[in-house]
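Please build the complete structure, drawing on both the sequences and the hints.
Residue numbering for the sequence shown follows this note's numbering, beginning at 30 and increasing consecutively.
Heads up, some of the hints might be wrong.
Said to hold, decoys possible - What follows is a list of derived Cβ distance ranges for each label pair: (1) Ala82 x Pro61: 27 to 33 Å; (2) Leu46 x Asp93: 18 to 24 Å; (3) Gly48 x Gly84: 14 to 20 Å; (4) Tyr83 x Ala60: 27 to 33 Å; (5) Gly103 x Arg49: 16 to 22 Å; (6) Leu46 x Phe78: 17 to 23 Å.
To be clear, the hints were calculated from the coordinates, so they are not data collected in a lab.
Idealized CB from N, CA, C, for every residue including glycine.
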Amino acid sequence: MERSLEKDGTVDVRDYLGGRPAYPDRAGVEAPWRFFFCLGGREDDGPYFLNFAYGSGFAYLSPDRLEGRFSWEGA
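What follows is the structure, encoded as structure tokens:
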């Protein structure tokens, strides 16, 4: 990751908490729901993986934080 930051000035982060979602917004989750986290799919030979069809999963919280929604987008 450090090498790509030095080379390109950016870092490709697939998993993160908070901030803003970086994806085409097809989740259908509108305000006042808030973006919570993003998980990148890990389609590899590891012992644990998430299969989002080479995409990412996104979680949202309701304004009172008592309900959550999860959606994913595949490639």
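Structure-based check of all given hints:
At roughly 29 Å, the beta carbons of Ala82 and Pro61 sit within the given window of 27 to 33 Å. Our hint of 18 to 24 Å for Leu46 and Asp93 holds, since their Cβ atoms are close to 20 Å apart. Between Gly48 and Gly84, the C-beta spacing of about 18 Å keeps the proposed range 14 to 20 Å intact. Between Tyr83 and Ala60 the CB atoms are about 29 Å apart, so this pair conforms to the stated range of 27 to 33 Å.
In this structure the supplied range 16 to 22 Å holds for Gly103 paired with Arg49, their Cβ-Cβ distance being about 21 Å. Between Leu46 and Phe78, the C-beta spacing of about 20 Å keeps the proposed range 17 to 23 Å intact.
Violated hints are absent here; each numbered hint is respected by the structure.
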